[in-house]
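Trainee: Once you have looked at the hints, place chain X on chain Y.
Chains as they are written, first to last, in my numbering: chain Y, 75 to 340; chain X, 20 to 211.
Because the hints were derived from the structure by calculation, they are not lab data. Treat the hints with caution; some may be incorrect.
To be verified - Result set (DSSO-like, lysine-lysine): computed pairs, CA atoms no more than 27 Å apart in a straight line:
no., chain 1, residue 1, chain 2, residue 2
1, X, Lys112, Y, Lys102
2, Y, Lys188, Y, Lys279
3, Y, Lys104, X, Lys112
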Amino acid sequence: MNIILISILSVGGLAAIFAVFLSIAHQKLKVEEDPRVEQVIGELPGVNCGACGFASCRAMAEEVVGGNISVGTCSAGGNDTVQKIAEILGVESEVSEKELAFLQCGAVSGERKKKASYVGIESCQAADIAMGGELACDYGCLGYGDCQTACPFDAILIKEGLPQIDVARCTGCGNCVEACPRDLISLQVLDGEVHYRVVCSSSDKGKKARLTCERACIACNICVKVCPFDACEMKDNLAVIDQRNCQRCGVCAQRCPTQAIRETES
Amino acid sequence: MKFILLFLSAALVNNFVLRYFLGICPFLGVTGRVESAVAMGLATTFVMTITSILIWLINHFILVQFNLPFLQYVVAILVIASLVQLIEMFIRKASPALYRSLGIYLPLITTNCAIFFVALLIPLRGYSFIESIVFGFGAGLGFTLVMLVMAGIREQLDFADVPEPLQGAAITLITAGLLALAFMGFTGLITV
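Next up, chain Y with everything else stripped away, as it sits in the complex:
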């Protein structure tokens, strides 16, 4: 009993001495900080996603308050955040275009063929190094969810082996773009309109593409032929839709034999 009491008293006493000393030091060494920094931090998403190019939300807030960068730097927070920061700092806000993550592969587990069985680490990064793991397609989504892990906003969920991007939650921070070893995710402008996009990245020739995946672009050139606006183009055995020329008629999506062109929200 005695030893417990002595232990508590001695360590507690030491802690109290240190605490008093630290609080004195805190008063002496206090740093005057702009109160607006805290306010700006309050408006930021606070997940330190790094999309702005700074290490943390705090680092970015300090720069914004210091006037070194534009108030619209936080792309993850969206226009609401930008507006609130602009109010705090008393400046005009600029409205930027909202960009969201878009996955350029549309084949779920059953549709993409396997070439082997993979028993390694359950990560896209690892599987990609190990000759693409079990996936026959050299370009497609591996489905182990590195993007899901990388997403700080829980906007990505793997369903049937394919990441589903929740448009409402995605902020366009771009962490998933970095995480995907096959560069399948890109940021695309969301303007509320329907877009037609190629959801395949395979540059394999038609026959091989057809053998590896049911949803692959087989470079059949049908979209190029049917498009009334010359928006479709064939590059490296892969259809590419020029969004500037596309008038969203949707003929390409209807005629695509493998459904590699689809209507998307972003």
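Mentor: Below, chain X alone, put in the same frame as chain Y:
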């Protein structure tokens, strides 16, 4: 003479980073630039030296007196954490730029195992008061030296033609390994 030998032993022969593999986190994390590496080394040296003094005092006057050796770990954590708080406040006040460049590694001095090692080794080896200070200070300066050397090499590496597969972390680890090999040359020079 005894103190000089102890100092050299702690700083060079039994260098914490390259011989005991302690404090690897800042060793690899903050050695990108010489300036921040030296600052980190000096901050660690400060914490180590003061830790040695406080640990010796607490150990001698409290833990030994009341026969409480099992409290060494708790007290070590208490002392180190408080000192890091202090130095964090000081650096933030003195140099905000340095504060930012050290970033997360500054509060992480708390969990730097090299400092914890000093705090545990002093009671274990039964050093006297002066010896403790010399040991802590020497270990800290040895740490700073290694940080400086590593940062210098890494700054040069930025301009070197490193083969692609070895770029980044790989060449850093190889450099650390070669540096450790070089420091092995001090082995047996002093046996303290």
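Trainee: Determine for every hint whether it applies to the structure shown.
Mentor: Cross-check of the supplied hints:
no.	hint	verdict
1	X:Lys112 to Y:Lys102	holds (10 Å)
2	Y:Lys188 to Y:Lys279	holds (18 Å)
3	Y:Lys104 to X:Lys112	holds (7 Å)
In terms of the numbered hints stated before, the structure departs from none.
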